[in-house]
Each structure stands twice: as C-alpha cells, then as structure tokens.
Amino acid sequence: MKYNILVGGAAGQGVDTLSTLLEKLLKRKGFFVHSNKDYMSRVRGGHNFIQIRFGTDPVYSHWPFLDVIIALDKDTVELHKERLKEDGVILCDEAILLEDRRAVGVPMIWAAKKVNNHKASGAAAAGAAVKLFGQSGEEALDIFGEKFERETADSNFRAFMIGYESVGKRFEIDKPGEDRHILINSNEAIALGALAGGVGFFASYPMTPATSIMRQLSKKAKDAGIVVEQVEDEISAINMTLGAAYAGVRSMTATSGGGFSLMVEGLSLQGITEIPMVVVDSQRPGPSTGMATRTEQSDLDFVLTAGHGEFPRMVLAVRNPEDAFYQTTRALNIADRYQILVIVLTDQYLADAANTILPYDFSSITIERGITTEEELKSDGYKRYENTATGISPRIIPGKTEGAVIMADSHEHNEKGSISENEEIRTAMMDKRMRKLEGLLEEIQEPEYFGSDSPELLLIGWGSMYGPLREAAELLLNEGTSVGALVFGDLYPFPGRLLKKYAANAKKLVNVEQNHTGQLGRLIRQETGILMTHSLLKYDGRQMCAHTIYDRIIREVL
Amino acid sequence: MRDKTIYDIHGEISWCPGCGNYNILPALKQALAELGIPPHLAVIVSGIGQAAKTPHYIYANGFNGLHGRAVPPAQGIKIANKDLKVIIHSGDGDSYGEGGNHLIHAIRRNVDITHVVHNNQIYGLTKGQASPTTEKGQKTTMQFDGATSDALKPLTLAIASGCGFVARSFSGDQEHLVSVLKEALNYRGYSLLDILQPCVAFNHINTFKWYKDRVYYLDSDSYDPSDKLEAFRKSLEWGDEGIPIGVLYKEERETYVDRIHYLKEGPSLVDRKWRPEDAEKFMEDFR
Chain A
279 MKYNILVGGA AGQGVDTLST LLEKLLKRKG FFVHSNKDYM SRVRGGHNFI QIRFGTDPVY
339 SHWPFLDVII ALDKDTVELH KERLKEDGVI LCDEAILLED RRAVGVPMIW AAKKVNNHKA
399 SGAAAAGAAV KLFGQSGEEA LDIFGEKFER ETADSNFRAF MIGYESVGKR FEIDKPGEDR
459 HILINSNEAI ALGALAGGVG FFASYPMTPA TSIMRQLSKK AKDAGIVVEQ VEDEISAINM
519 TLGAAYAGVR SMTATSGGGF SLMVEGLSLQ GITEIPMVVV DSQRPGPSTG MATRTEQSDL
579 DFVLTAGHGE FPRMVLAVRN PEDAFYQTTR ALNIADRYQI LVIVLTDQYL ADAANTILPY
639 DFSSITIERG ITTEEELKSD GYKRYENTAT GISPRIIPGK TEGAVIMADS HEHNEKGSIS
699 ENEEIRTAMM DKRMRKLEGL LEEIQEPEYF GSDSPELLLI GWGSMYGPLR EAAELLLNEG
759 TSVGALVFGD LYPFPGRLLK KYAANAKKLV NVEQNHTGQL GRLIRQETGI LMTHSLLKYD
819 GRQMCAHTIY DRIIREVL
Chain B
672 MRDKTIYDIH GEISWCPGCG NYNILPALKQ ALAELGIPPH LAVIVSGIGQ AAKTPHYIYA
732 NGFNGLHGRA VPPAQGIKIA NKDLKVIIHS GDGDSYGEGG NHLIHAIRRN VDITHVVHNN
792 QIYGLTKGQA SPTTEKGQKT TMQFDGATSD ALKPLTLAIA SGCGFVARSF SGDQEHLVSV
852 LKEALNYRGY SLLDILQPCV AFNHINTFKW YKDRVYYLDS DSYDPSDKLE AFRKSLEWGD
912 EGIPIGVLYK EERETYVDRI HYLKEGPSLV DRKWRPEDAE KFMEDFR
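Keeping their order, the protein sequence lines are chains A and B. Numbering-wise (this note's numbering), the first sequence opens with residue 279 and increments by one. Numbering-wise (this note's numbering), the second sequence opens with residue 672 and increments by one.
For reference, chain A alone in the conformation it holds in the complex:
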C-alpha cells in the first residue's frame, strides 16, 4: 500500500524544510519513502514542489496520482489539483479560500503567530498531514531538535501539534515494520562513497545538479581530514585534481554538463599521463545552460568520447542511492588500479531523489590504490610508463622513494616519461594504454534485470531509469504481459551478455531514455549490432515515471 503527497509553494516558502520533516518522520515510523524534487532555477518565487511517496512496501520512483496536496500557496492547488484523487485532500492555510470540496483549511499562519515563529507555518502543515494518515507525531520533536536550537525546535513542535489537532484521520494504512533504513539521495550517496573510498582531495566548481556532492563532502572535510576546494573554474578543478592524484592522494571531482565541457582537455591529459581520476557528471538538460534544475540523460554520447585523441576509460551510471555509494567506491578502485579515467554519470532526478535503503555495509568496502611498493620496483631504474603485458605501469608516489623521480607528461613519451616523437615508441605507448581495456572487460558488471525469464517485450534503460522501469515492468507483469526490464549501470566497456540473452527471443526491444536521440539504443547498436524496435524517449526535463512508461508502452508499443 502506497500513498503520494505533494508539497508545493514558491521558492523561499519552506517547501524543502517541510518536506524533509515529513520524509524523515515517515521514515522513522518505518515506512518506505521515495521523494523527488521539481524546482525552478530561482531563489525566490516561482513554483517548486516535492513529491513524497511512502508505504509499507519498497518505493522506487515517483507517481503521478496524488492523495494529498500540501499547498503553501494557491498556485500549487491550481497546478496540481488535476492529479489529486477524488478522495484526496488539499491542505492549505485556512485563509486561502478554495471552492474545491477536497480542501481542508489548516491554521498554518495562525499557528506560526501563536508560537511566535513566523517560519513555523510549514510545521503546522506537516502536523496536519501526519494526522491524515492516523500517525502519531512524537518523532517530530526529535527531528526539530536535530535541526534547530532548543527554543526554535520547541516552537516548531508546538506549531506542528496545532496543525495535528486541527484535522482528523482520513486514510488507512498498515502498520509499518521497524525503521531499519537510511534516507539518502544519490548525490549524498556519491559523497559518502567518496568518503568511504578514501578520497582525500576534491576540487570542484558549484554547478547544479552536482553542487550537493561538494557540499556534503565539504561539511565532513574537517572531520575526515580531507581537503575540499572550491576552485575558480572547472578547468582548474580537473587540473588541480590531477595534480593531487599525481602526488598520491586519491582525488575526485564532480560537475554537470557545462562544467564537464570545460574539463574535457583535462580528461585527455588524464589519458596520456595515466593519473587515476574519477569525474562525476550530474546531467541536466542542454545544450548550453539548458535547464539548470531539470533532468536529462543526454551526456552519454558526449562522455563516451570526450577528450581529444584515443584513450581508455570506463563509463558507468548510478541507478539509485544504494548503487551510487557502492559504484563510487568501485569507480575509485578501478581508476586507481588501471590508472584510467572513470566517468560516473548521474542526473538531477537522482541528485534530488531521496530513498529509504538499508544502511551501507562499510566493512565490504576496500581501498585498492594499485601503488607499486619499493620491493616491487625493479633495480634497473624506475620507469613510470613501463610497457607491461596488462598496460598498467608501476606507479609510485613522488617524494616517497629516494632516487626515483616521476615524470607526468602531456606529450607522447617514452617509458621514462620523456617527450618522444619516435613512431615505434608512439605505437607501443598507444597499444600499452589501450591494452588496459582488455583487463577492464573482467571488471564489467551486467545490467540489472527484472521480469519474465524469456520476455517478448524487453525494456532497456540506464541510470536513473532504474526505479521507473522496475515499477513499470511490475505493472505490465501484473497484467500478464511477457516483459522484462534491463537497466544498465556499466556502459563502457559495454556489458552485452544479458542483453544478448534476453534480446534473442524478445519480439520487441524498447530503449527507454530521458533524451532526444536514444543514446543507449545507439551505443547498443554500435557495440552489439542489436537494433531497438521502438524507442520511448522524453526530454522535457521531467523524469518519466512508471505510469508514463506503462501507459506509453500500451499505446505505442503493444
């Protein structure tokens, strides 16, 4: 059983604070929670909303039909009432006159005045919402206490209780199990993965929707003893990060498409210097500034070849907050062990979508630096770019081995790192670097699969399409459709085994992507020769939900 709440208002009205409170409270009650944000690129005004879906079963994505609208302004009602169910409830301030019979007035502003805290009106709305579901509200006191000073926490809780007492119970819901979860979004998960993975240096320039990765790391920098530097531009970010990584510190950077564009020459520098590097691209709609606070999956093509010249890389997309943590730690290890660039793709949807998941198992994480020990060094002099069978050369840390120096060179170079234009050396070095891809094939993970053993309809997506596709497949399966959904995390080198297996008997293959040109579909054709029969694409900056996929599959494909 699942319910769906929308919290809406203008920027600056406290939509985020209210929603965070509700999400945390529901989570602590033991419910499964998924929330996603829809906001405008402005600091005040406009219209922002957050959808909170919760229930006693796992929730993987957002849903269009609403049970409750918490409206901090009248626009919220106008914009979303069509999606509100017949028996739904609109919670709004009692002063807002609504003709809608579903409206229930809450003394939000009155409560704020009463407790002498003008920012507490949202707390009253949250109290009312909790009451609608017949839940008690004692967790709210703790949650306020964690966020505010004593006095502010108390006034918020009093406002919460005023809202709580002002309405009656409206919805039935089963008693949830015990709270075993954490509630986290994928950007926070990437940051936590970076911390667990031993990142010591992180340089970045703020860019939505990547900024919260840096913010989360920055918050913990002192405690973790790491350095998080906000630099002058993304060119500096990638080059400074490469410098720190060269000097032996595990380093990483994150940005969105525009900043990634600025980093591209630096990626190529990574290619020839073979300094381990992880770059996160949190995608948003382009071209150019595009839509800063919206979502898209349109950078896949770009990151597959970004950087002049040819060099090995790995590209993976995170699929949810659980995946985001573990994949970040994996990306760091692969970058170090292979001395390559690993690009981690995520997007605005994932950046701002919080999900209840089981706590991460930190004891399962390893830090594999791939640094050559002094014992492993050959006696006949250190060669940073030694031509080995695996293509991976011995890497040592500058300053740590007396008598050994390390040359990182952007030119083509010989085994010692000295500039060379010799044709044999050039060929050998290109082969050496590209040979790493052979080893990488061993690392590649197959996509996740949900559905029938031999589906007639195969849905294929990547990254943030995980939640919507998983749920869409369930909807179709429940109606007896022979369907399966493959959701790719690793994208390059391309893992094709499961795809080939399920595509063999499928009659219809549909790539479901959040872009205009079907970039995964094209990558699949390039890597496997398999052609999609249909494409289900969306590029309006808003994430497809399971219902949209289900609906379009029925109308356009079946």
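Some hints could be false.
From chain B, some residues computed to sit far from chain A (all C-beta separations above 10 Å) [what the hints assert, rightly or not]:
no. : residue
1   : K675
2   : K724
3   : N732
4   : G733
5   : N772
6   : H776
7   : T797
8   : E806
9   : M813
10  : F873
11  : S893
12  : E908
13  : I914
14  : E923
15  : D929
16  : F953
Okay, the calculated beta carbon distance ranges per label pair [unchecked claim]:
no. : chain 1 : residue 1 : chain 2 : residue 2 : range
17  : B       : K810      : A       : P565      : 35 to 43 Å
18  : B       : L823      : A       : I387      : 55 to 63 Å
19  : A       : Q723      : B       : S820      : 35 to 43 Å
Keep in mind the hints are simulated off the structure, nothing from the lab. The beta carbon of each residue, even a glycine, is placed where N, CA and C say it ideally should be.
With chain A held as given, fit chain B onto it using these hints.
Relative to the frame of chain A, chain B by itself:
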C-alpha cells in the same frame, strides 16, 4: 649545499642556440643545490611552450601538463604533499595568457609554490605571435600591422591582487637569477618571479641588449620591498625609463595550509591514514 650535477639529465635540449632559457636552467639547479632540495622532493611543473619544456631538462619530479594550466596541478600537488618543493616554470603566454585566471586565484589561495615565468614577450613555440606582454604596435608573425592590445604589466597585476612575493630578474645575470630564485623558493606562500629573457628567434625588439641597457637593480639598502605603494610604482616602470629587477614586493601571508588547521598541524594529505569504516559515522546524518 648539494652537488648541482645531481639535477643534470642527459639528452638533447630543443631550445634554440642562444635562447635565454639556457641561463635560467643552471640557475634553477644552482638554487636547488644551495637550498639542499634533493631531486625526489622537488616537482617542476609546467604548461606548454618553450619554457614549459624545463621539467624535461632537469632531474627532478616533473608535471608537464596543458597549455595555461601549470598553476592548478602545482597547487594540487602541494596541497597533497606539503613536504614537496613545487616550482612552476612556464612562459608568458602560458602564465599570463591562457592561464591568466588561475594566476589571480593562485594569489588569493596562497598555496606555497613558486611560479617562475620565462617572459620573452612573444610566443616562441608557435613561432612568433604576440603574447600578453608584447608591446602594443610591435609587429609579429601574426600581428602584421603591430599588436593592437596593450601589454600586460604582470607584476602590477600581482601586487594589486595581493601577491606576497613579487620579483623580477634577468636571464643575463646568473648571480642575480640564483639569488632571487632562492629567495622566491624560501618564501612561504605563492611567489611570482618574472624573468626577462630574450627570444632570439622571434622577438627582435626585446633583445639581450635591449634588456641589458634598461634593467637596473633595486638597491637593497635604499629600497624597502615591504612598501606596497612603492612596489606598485616600481612595477609600473618599464622600457626606456628603466626596468627595475629584484624583489619588488614581499609580505608575510598565511599560506593555504596555514589556513586549514588540520593540514597545518597534521601530516601531509598523502600520509593520511583512512579506512572505509572511518566514514561510517557520516551515515548517521541520514538515519
């Protein structure tokens, strides 16, 4: 004092015969030797250009990165390992043109690195185009009717931006080069050393003689490098009125590492001990 031949590297040097760079390279080795910095603790960082080939001609750690981008990795290296001596050797195009933005922010950040600019007022590697320090009106292989932009005054820019060590030297005076280089390397914080250096192939105006006739030494008895306004005035002097060389401005500033308590007091970032389990406490925020 070390034997300066430990920094020697055998192999061809691709600078033109007579290039001013040939004087700067031994001065660098001499300064490192006199300061007792062993090759494995020195990192020579550069971008792209003739001067930027310096890391290849000296036995030390090297990072020869992208055009205009010597400053960011140099800072990254020093932040990662505060025990390394990090020295940038790059040209005027690299430092003041393509990399201009990084220069300003490196001054603000004040990471303890030395930035040596081989300033020959022309682009050498790409064969003779105007650089940010080429005089307006000077004809080049690209600016056929003369450069149309005014020349940048890098030292004025540095002083105005708050740089704590601003100096100039001349590749025609080995003793001066070594002495100013040593002072720059000993300075704690970001130090900028602009070295006037003739490009024998492409700059036929600012020749060895042109510089020789114009440079004058800042008198260590009468000139006070802590006087910022005087330093600013000196930095504006150029051309026929004379070109001052020496340390124009010097001021103690907190370095980047000083400003981050745990970096200052603790070990270098590269020596930080960390296990994945140490990060588990950060998950509490999400309970």
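Results for each hint:
1. K675: 16 Å, holds
2. K724: Non-interface label fails for K724 of chain B: nearest chain A Cβ at 8 Å, not farther than 10 Å.
3. N732: The assertion about N732 of chain B is violated, with a minimum of 4 Å to chain A.
4. G733: Per Cβ check, G733 of chain B is inside 10 Å of chain A; nearest 4 Å; violated.
5. N772: 6 Å, violated
6. H776: Per Cβ check, H776 of chain B is inside 10 Å of chain A; nearest 4 Å; violated.
7. T797: With a cut-off of 10 Å, T797 of chain B remains clear of chain A, as the shortest Cβ separation is near 15 Å.
8. E806: 29 Å, holds
9. M813: Holds: least Cβ distance 22 Å, greater than 10 Å.
10. F873: 21 Å, holds
11. S893: 38 Å, holds
12. E908: 30 Å, holds
13. I914: I914 of chain B is indeed farther than 10 Å from all Cβ atoms of chain A, at 30 Å.
14. E923: Label holds. Min Cβ-Cβ 23 Å, cutoff 10 Å.
15. D929: 13 Å, holds
16. F953: The claim is violated: F953 of chain B sits with its nearest Cβ about 5 Å from chain A, within 10 Å.
17. B:K810 <-> A:P565: 35 to 43 Å: Once the Cβ atoms are compared, 40 Å apart, the range 35 to 43 Å for P565 of chain A and K810 of chain B holds.
18. B:L823 <-> A:I387: 55 to 63 Å: 58 Å, holds
19. A:Q723 <-> B:S820: 35 to 43 Å: This hint is violated: roughly 54 Å between Cβ atoms.
In summary, the numbered hints that this structure violates are 2, 3, 4, 5, 6, 16 and 19.
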